[in-house]
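Asks: Sequences and hints are given; from them, build the entire structure.
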Amino acid sequence: MKKGERLLYEIEYFNSRNRSISATEIGDYFGVAKNTVQDDIDRLKNHGCIFEATDGRNGGYVLKSAPSLERLAVGEEKEQLLKQMIEEAKGEKKELLRQMTEELAIKTLEKDK
Numbered sequence: 001m002k003k004g005e006r007l008l009y010e011i012e013y014f015n016s017r018n019r020s021i022s023a024t025e026i027g028d029y030f031g032v033a034k035n036t037v038q039d040d041i042d043r044l045k046n047h048g049c050i051f052e053a054t055d056g057r058n059g060g061y062v063l064k065s066a067p068s069l070e071r072l073a074v075g076e077e078k079e080q081l082l083k084q085m086i087e088e089a090k091g092e093k094k095e096l097l098r099q100m101t102e103e104l105a106i107k108t109l110e111k112d113k
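First residue of the sequence shown? That's 1 in the UniProt record's numbering, and the numbers climb one at a time after it.
Derived from the structure by calculation, the hints contain no laboratory data. Possibly wrong hints are sitting among the right ones.
[What the hints assert, rightly or not] Okay, derived cross-link-like pairs now, BS3-like style, lysine-lysine, Cα gap no bigger than 30 Å in a straight line:
no.: 1; residue 1: K45; residue 2: K64
no.: 2; residue 1: K34; residue 2: K2
no.: 3; residue 1: K64; residue 2: K107
no.: 4; residue 1: K64; residue 2: K2
no.: 5; residue 1: K45; residue 2: K2
[Claimed, not checked] Beta-carbon label-pair distances, calculated as ranges:
no.: 6; residue 1: T36; residue 2: V62; range: 15 to 25 Å
no.: 7; residue 1: Y29; residue 2: E103; range: 51 to 61 Å
no.: 8; residue 1: Q99; residue 2: E12; range: 41 to 51 Å
no.: 9; residue 1: E12; residue 2: N58; range: 20 to 30 Å
no.: 10; residue 1: V62; residue 2: G31; range: 15 to 25 Å
no.: 11; residue 1: E95; residue 2: G56; range: 11 to 21 Å
no.: 12; residue 1: M100; residue 2: D42; range: 33 to 43 Å
no.: 13; residue 1: Q38; residue 2: A105; range: 44 to 54 Å
Here the structure is a predicted model, which means the values were calculated and not measured. Every residue, glycine too, gets a C-beta built ideally from N, C-alpha and C.
Replies: What follows is the structure, given as structure tokens:
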């Protein structure tokens, strides 16, 4: 399961329970480490989700508010598109550098004639 998909399913998981859910419980359910769950929660917060953290024996997280799933999905798509654009720009920079090096080599050879 991709990260974006997991984030959406995590929201559904929170919404289907009316209690505090530990990072360990979520991690066990989705087959990921507790640290990954905590990173996911931070990421969801950055996308507009509001969580309440609870301490103690039954501590964990309660999802108080979340943007629509459609809005979150669009955010993930935009993020993927930006990453793709950055990678393409890196490739273009490499091509530009190759072209510049080739032109410099040609000019240098022409000077030596």
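Asks: For each hint, tell me whether it holds in the structure or not.
Replies: Okay, the hints, checked on the actual structure:
1. The straight-line distance between the Cα atoms of K45 and K64 is roughly 11 Å, inside the 30 Å bound, and the hint therefore holds.
2. For a cut-off of 30 Å, the pair hint linking K34 to K2 stands: about 17 Å separates their Cα positions.
3. Straight-line distance between C-alpha atoms of K64 and K107 comes to about 65 Å, which puts the hinted pair past the 30 Å bound.
4. Taken as a hint, the K64 and K2 pair is honoured in the structure, with Cα atoms around 24 Å apart against an allowance of 30 Å.
5. Using a Cα cut-off of 30 Å, the hinted pair K45 and K2 holds, with the two alpha carbons roughly 18 Å apart.
6. The given range of 15 to 25 Å is respected by T36 and V62, whose C-beta atoms sit roughly 19 Å from each other.
7. Here the CB-CB span from Y29 to E103 is close to 57 Å, well matched to the stated 51 to 61 Å.
8. At roughly 49 Å, the beta carbons of Q99 and E12 sit within the given window of 41 to 51 Å.
9. For the pair E12 and N58, the beta carbons lie near 21 Å from each other, so the given range of 20 to 30 Å is met.
10. Under the hint 15 to 25 Å, the C-beta atoms of V62 and G31, about 22 Å apart, fit the expected range.
11. For E95 and G56, the hinted distance range of 11 to 21 Å is not satisfied, since their beta carbons lie about 57 Å from each other.
12. Between M100 and D42 the C-beta distance comes to about 41 Å, which sits within the given range of 33 to 43 Å.
13. A hinted range of 44 to 54 Å holds for the C-beta pair Q38 and A105, which are about 51 Å apart.
Figure legend: structure checked against the earlier numbered hints; hints not met, in rising order: 3 and 11.
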